[in-house]
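Once you know that position 88 of the sequence shown is 88 in full-length UniProt numbering, the rest is easy, because the numbers rise by one and skip nothing.
Because the hints were derived from the structure by calculation, they are not lab data. It cannot be assumed that every hint is accurate.
Keeping only pairs whose Cα atoms sit at most 16 Å apart, straight-line, the calculated EDC-like set for lysine to aspartate or glutamate is [claimed, not checked]:
1. LYS340 <-> ASP21
2. LYS106 <-> GLU78
3. LYS439 <-> ASP292
4. LYS90 <-> GLU76
5. LYS226 <-> ASP21
6. LYS100 <-> GLU76
7. LYS366 <-> ASP274
8. LYS100 <-> ASP123
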Amino acid sequence: TLNVYSQLANYEGIQIGWFADVILEKFNVKLNIIDEGDGVFPTRMESGDLGDLVVFGNDGDQYKQAVEKGMLFDWEDEDLVKNYGPSINKNMSAALEKNKMISGGKMYGFGYNVALNGGSFGDFDYHPDLRWDLYQQIGSPSINTLEDYVGVLKKMKEVCPTSDSGTETYGVSLFNDWDGNMAMFVKATATNFFGVDEFHFGFYNADDGSFQDCLADNGYYLRCLKFYNTLFQNGLLDPDSMTQGYSGCMEDYQDGGAFFCIFGWMAAPQYNTDEHVAAGKKMLPVAAKDQDTLVYGLNTNGGNRIWSIGANTKYPELCMAIYNWLCTPEGYITSEYGPKDICWEYMPDGSVDLTEFGLQCQINQKTTMPAPYTGYWEDGRQQINNLTWDKNTEILGGVNGQTYNYLYWPRYLNLPVSAVDQSWKDATKSDSFREYLSKFNYSVSKANTYSDSVRSDELDTIWNQVKECIQNGSWKAIYAKTDADFNEIVNQMKTEAYNYGFQQCIDWSANEATLRHAAENK
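Work the whole structure out from these sequences, hints included.
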């Protein structure tokens with residue numbers, strides 16, 4: 001059994017299902033997933049053992065502490081990466097170089113979402129998805145800017161007051177499990193509508209490299225915070241949002257209990273089942289006229305979530321061999337979509353496609369796996385929850401520039417178009433989400449070699465106090481019953497944050513923005 005400490009995992013325990021079976025057959029090993037909870041990192045650091053496979057949520061402070069304290073395995077030691085990671089060594093040289101650059105000249109891993117070639121951008125991860133059937137039912141009112149969704153969602157609730165199971169409907173359902181320096185949904189809404197990237201205690205402007213702090217008057221964060229409060233005041237925000245967690249939120253969207261979400265990969269796949277689509281119901285993108293969405297440029301350096309190996313593992317070669325397999329086309333595609341020949345296959349011309357069954361698994365993740373596998377497809381999904389290649393980069397040694405993204409593979413593209421999809425295509429005069437969203441403004445986050453500087457212990461203490469203050473204050477503000485209450489809560493949050501030392505945090509963040517701008521691929 002290998003211990004996999006992944007700061008990105010939403011799961012704890014032994015990996016089960018089809019992915020576990022594939023790994024057992026290929027490497028004769030089981031994976032024990034350890035997720036990130038309160039105090040897990042310092043506890044594991046003190047114990048002197050982070051794990052066998054170690055996956056960091058970013059390449060900042062904790063990663064650098066691990067490097068400094070000798071907790072990670074040097075990939076050049078005895079030519080580990082050359083001998084056991086040939087695919088990584090040969091095809092990810094820029095990502096390995098970046099890792100050496102941020103790790104004091106030694107190689108301890110590589111960042112996620114590596115691109116084979118830079119230049120273009122991947123796909124739109126953010127887009128405002130709405131219940132298209134209800135939107136048409138209320139007359140498809142025009143949406144010029146973020147706040148216009150409030151009136152639209154209000155009308156939707158009037159025509160659809162209850163969910164499939166008969167509970168009250170809302171415009172949105174949220175959760176707080178993924179909150180960081182800011183409330184996750186609030187800052188991500190700014191990324192969707194204003195073309196800025198979450199950056200420490202604020203936002204990085206992808207166009208000019210400027211920084212705006214999250215408590216700036218009339219700034220992006222407070223505007224988005226007010227948007228969610230307005231939804232709450234209008235009975236359009238699920239009151240369980242603060243306590244229900246990720247799974248409670250997903251259940252709401254599966255049940256048709258909420259109508260709007262800013263993540264293309266989050267709510268729509270939950271709602272858009274065969275049954276709903278057959279009934280003419282579907283969540284589809286409906287953009288605001290003035291939106292400016294951030295998209296991520298393909299990056300040969302990789303991103304900031306690090307694949308690494310613990311210094312004390314007894315099995316460095318095995319760990320590297322598993323990573324290497326995840327970086328081969330077969331390993332990557334299996335890890336994403338399921339076992340070869342059951343969920344996907346090579347075509348005679350060397351290209352790749354999902355099987356009919358594999359497509360079914362993507363459309364409905366509760367599809368039962370055939371023998372010798374057991375359980376639903378989703379039970380067996382890879383639980384490390386990190387990617388090696390960017391799914392929008394070309395497949396290594398592939399054909400005609402085909403990418404790893406099944407949405408552009410023949411079987412998905414040739415699906416019969418449902419009536420609800422056809423009505424969206426006709427109304428938007430677009431054949432794909434990408435074509436539609438490209439008609440609005442978007443900003444491209446440029447490839448770069450930036451990684452967070454290490455904060456002093458003193459700043460770190462201040463940082464954590466400010467972070468808690470902003471998380472708690474943001475949720476209080478979302479639940480404010482009146483505008484006067486909202487303003488009072490926000491002012492109190494600002495006062496507290498500045499008393500803790502917010503100014504030092506944003507001075508540091510603004511300086512980091514300058515460093516990131518300088519590290520962008522020109």
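Now the hints, each set against the structure:
no.	hint	result
1	LYS340 <-> ASP21	holds, 12 Å
2	LYS106 <-> GLU78	holds, 13 Å
3	LYS439 <-> ASP292	holds, 10 Å
4	LYS90 <-> GLU76	holds, 14 Å
5	LYS226 <-> ASP21	violated, 47 Å
6	LYS100 <-> GLU76	holds, 10 Å
7	LYS366 <-> ASP274	holds, 12 Å
8	LYS100 <-> ASP123	violated, 28 Å
The structure shown violates the earlier hints numbered 5 and 8.
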